[in-house]
Amino acid sequence: MKAGGLRIALQMAVLAVLIPAAGFADEVKEKLEYCKNCHGNQAQGFQGYYTAPRLAGQPVQYLENQFEALAKHRRDNPIAQQFMWPGIEGVPQGLRAAIAKQFNELNPPPADGGPRNLVSAGKDIYDKGVPDENVPACAVCHGQDAHGNDQVPRLAGQMYAYTVEQLAGWEKGYRGKDPVSPGETNTMQPIAAGMTKDQIRAVAAYLSYQR
Amino acid sequence: MRETFPFDRSIGSKAEIMKLLKSTIAVLAMASSSLFALSGHAEEGHRNCRANPGGEWPIDPAAYVVRNCAFCHGPSLQGLAVAPRLAGQHQDYIIYQLERFKNQERNNPFSLKYMSHVAVSVQPDSYCELGAYISTMATEARCDGNEALAAKGEEIFRHGVPNDNIPACQFCHGPEAQGVGKFPRLGGQSYYYLKRRLEQWVEGYGTISPHMPGIASKLNPEQIDAIASYLSFLPAAPSPGEY
Amino acid sequence: MSVQHLLRMPGALSCGISHFPSTACMVRGTFVLASLTAATLIETPTASAVPSFARQTGQPCATCHTAFPELTPFGRQFKLMGYTSGGTRCGDGSAKSDETQVPLSVMAWPATFTSVRSNLAQQSPGWQASNINNNEWIPGQFSLFVAGQLYCNVGAFAQMTYDRVGNSFGWDNTDIRYADTGRIEGTNIIYGLTANNNPTVQDVWNSTPAWSFPYISSSVAAVPGVSTMLGGSAWAQQVGGIGGYVWINDSFYAEFTAYGALDARLATDLGADPAAPRFANAAPYWRFAYENKWDKNSLMFGTFGMYADVQPVGISALNPINPTGLSYGGVTDPFLDIGVDTQYQWIGEENIFSVRASYIWERQKLNGQSNPASNGGVPLSNSVDYVNDFNISASYIYQRMVSLTVGYFNTWGTSDALAYSSLPGGVGYFTSGSPNSSGWNVDLAYLPFSDGGPDLWPWFNARLGVLYTHYDRFDGSTNNVDEIPGLKASGNDTVFLYSWLMF
Chain A
1 MKAGGLRIAL
11 QMAVLAVLIP
21 AAGFADEVKE
31 KLEYCKNCHG
41 NQAQGFQGYY
51 TAPRLAGQPV
61 QYLENQFEAL
71 AKHRRDNPIA
81 QQFMWPGIEG
91 VPQGLRAAIA
101 KQFNELNPPP
111 ADGGPRNLVS
121 AGKDIYDKGV
131 PDENVPACAV
141 CHGQDAHGND
151 QVPRLAGQMY
161 AYTVEQLAGW
171 EKGYRGKDPV
181 SPGETNTMQP
191 IAAGMTKDQI
201 RAVAAYLSYQ
211 R
Chain B
1 MRETFPFDRS
11 IGSKAEIMKL
21 LKSTIAVLAM
31 ASSSLFALSG
41 HAEEGHRNCR
51 ANPGGEWPID
61 PAAYVVRNCA
71 FCHGPSLQGL
81 AVAPRLAGQH
91 QDYIIYQLER
101 FKNQERNNPF
111 SLKYMSHVAV
121 SVQPDSYCEL
131 GAYISTMATE
141 ARCDGNEALA
151 AKGEEIFRHG
161 VPNDNIPACQ
171 FCHGPEAQGV
181 GKFPRLGGQS
191 YYYLKRRLEQ
201 WVEGYGTISP
211 HMPGIASKLN
221 PEQIDAIASY
231 LSFLPAAPSP
241 GEY
Chain C
1 MSVQHLLRMP
11 GALSCGISHF
21 PSTACMVRGT
31 FVLASLTAAT
41 LIETPTASAV
51 PSFARQTGQP
61 CATCHTAFPE
71 LTPFGRQFKL
81 MGYTSGGTRC
91 GDGSAKSDET
101 QVPLSVMAWP
111 ATFTSVRSNL
121 AQQSPGWQAS
131 NINNNEWIPG
141 QFSLFVAGQL
151 YCNVGAFAQM
161 TYDRVGNSFG
171 WDNTDIRYAD
181 TGRIEGTNII
191 YGLTANNNPT
201 VQDVWNSTPA
211 WSFPYISSSV
221 AAVPGVSTML
231 GGSAWAQQVG
241 GIGGYVWIND
251 SFYAEFTAYG
261 ALDARLATDL
271 GADPAAPRFA
281 NAAPYWRFAY
291 ENKWDKNSLM
301 FGTFGMYADV
311 QPVGISALNP
321 INPTGLSYGG
331 VTDPFLDIGV
341 DTQYQWIGEE
351 NIFSVRASYI
361 WERQKLNGQS
371 NPASNGGVPL
381 SNSVDYVNDF
391 NISASYIYQR
401 MVSLTVGYFN
411 TWGTSDALAY
421 SSLPGGVGYF
431 TSGSPNSSGW
441 NVDLAYLPFS
451 DGGPDLWPWF
461 NARLGVLYTH
471 YDRFDGSTNN
481 VDEIPGLKAS
491 GNDTVFLYSW
501 LMF
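Just so you know, the sequences run in chain order A, B and C. First residue of the first sequence: 1, per my numbering; consecutive thereafter. First residue of the second sequence: 1, per my numbering; consecutive thereafter. First residue of the third sequence: 1, per my numbering; consecutive thereafter.
I should point out that these hints are in silico values taken from the structure, not numbers from a laboratory. Keep in mind that a hint or two might mislead.
Said to hold, decoys possible - Once the Cα atoms are required to be at most 20 Å apart in a straight line, the calculated EDC-like pairs of lysine to aspartate or glutamate come out as: (1) B:113 to C:451; (2) C:293 to B:144; (3) C:293 to B:203; (4) B:113 to C:350.
If we strip away everything but chain A, and leave its shape as in the complex, we get (with noise of 0.2 Å):
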């Protein structure tokens, strides 16, 4: 019969390109759970020992990045070496770019928050920046509403802690080493540089609850 013919093997046709979909998309999902003991069962960010940053939300690309310099030791501080070092290790290649998207189209609202109390002074650092130290307003690059785009991240919503300590980090060196010329600073050494740490805090609580 041949429409009985014709129909089984479009089934069986779509069957081969669903099932190794399934089978993908089940380790996708596996990996996401992996990423979300340490980072929140939404990715909203995690406080144990460590603080794990908010992965909910941020761009495609940006998340590409940092899978990419991670897995190549570009990014190394402390807590990077111990923890995700290994941990992108174990999410292959073909996964990163799916996981990327997952995290993406999360959007939890933010976990821990930061002092209260910083949180109209941040702004104002946020939206004006630092004119005396040439420190420009946040808002330019990363957006109002701090979602951040491509290759820029999206700081709204982001743990408090882990804020502070990446702003800290670029004076030490730990970030920004740029694939093409790797001495080179960046972007944000000097913008870190030329904040106090009160600014800092109070950016970073500002932030922390930023949805």
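Once you've looked at the hints, dock chains B and C against the given chain A.
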């Protein structure tokens, strides 16, 4: 979960206002409950101890623990038979567990047999003082694990097993398994107790921890043995400046 | 286990006459013997999971007991810490509430049934209750306990018992303690003082006589006549002792206690036996034990012993100047007991398995009893006798509710045709001059409330069971036991049904 705000709807009729109100309340309720679930600060232990560090029923925690806890946990709460060491454990964790024993959420057989009865007679007023005192009690590591397995246990403890999607224990429990807040100190605890706890999560007991059942279920018996062994050799006491 | 081997001339004691006892006295003596035996049987370990302890700690019986009265490591710790854990009667800030705790408990054996295989056994001098027949349902003991924290670090386990069979009321097992904890160079120490009235009642393992298996047995059926003084709890409630102990690192136990025998007046006041044998001077008792605990296991090896200058048999009848004197011309019969014991427990979530064994060696230097000069020209025994007690038992307990225990016992010793014989001056009934007895015990019990009592009274516990005792050898023989023709040792086999309630 995506929240939906009806910003794009025109607010006109009463029905629409009620709808807006209801959905706003629902969203607020969801947001606040997830905030409580996610944020450590909202846990009862924290609230109790900051607002009311000492209770109405006055106790001397040093005398209290000897009178009421020592006949099972040992004279200096270092552990006895199947009862674990409490000395040096974090205040938040102790308070949280006392509550879980009381409402029998911690439901493995020994917890129900022994601790559910005890927890009922500890006054909630005393939780903070007891927890604070117990966290300062010094003790030595039990060192009753299998030395041959300790190295393997350390590997899993520090880095997890990424290919098997097992996270690194030290991320929550600290580099010396000293724990923090509600994450218990594991260092120096009895090998038998740690092993049994991991097995209990695998067996389906005590799903109150949002993380441990899933993590423990991925461990095979040798890995459990190795981790429990390694941890029993780590320092047990609080370091100066620790809390 | 009874104490007949120490009762050489009971008839003489009660007659108080100076000449050689007549047959009339012997008959009377036998009666006295029987009632003395009955009275001393009150010392059979009876106390158990005490509900006032449960109330005090807030714990169900099964926390401290496997199947009461056997103790778990937590129960041992509770006892070593002086019975005060959980107590609220102390102003040192240790009280968990202001709740008043009343450390009283009541124990009852409302219904017991003894069935001895052969009715001939009722003629045996070891038959403990001359007024009770075979195959009768009778109520047993009723006890009141003061048990728990008295004040701060002082606690008590004090039992007072009315015994229906002997129709007597008096003090029973009593242990009053002071205990405290300390830390020396990072090592935990529990130390304490004990005042008690029965050597080994203060012990925390179930391998020493006061708390050993069988935990409850018939107070009617005949029991073998000879045992070591510790093995037979010969001094139970007839002495008072004060001692000190340490428990180091929850592993090593050391104790030394000195006992003194109650005089007749004190014994009467306390409801003990005023005519029971005594000893001169203070009698030292010692106990050392080492216990290792890991996972659900505990394993103990220990040793214990006692020395007593026992009052020689027969001297009071022949010593008119000082008929209640403890020695004749300064001569006593020193008894020395040395025992070794072991206990193993595996306490799981559903199942419990435990084993206990003890061996007690006794040397009796019968300086007085064997000396013709002190006995009207007739020696009443060898100059030295040895007695050995061996006990081993194993228990399996399911869900803390059903308990099966099997035990083997064996007493053997020097044949003494004079001391263990029916000749004039002998104890009365050992046909062959041999003190040997051996046999088996099997106990099956149901404890419905170990994990918590009924809603109405959550501290209630009960042990309902049956004990079957089989004798291979009884009072030195396998047949014609106690000179009763046709009575086999197995004729004394006993089925004992019991109900043991604790409130």
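### Query
Quick check: which numbered hints come out false for this structure?
Result: hint 3 breaks, nothing else.
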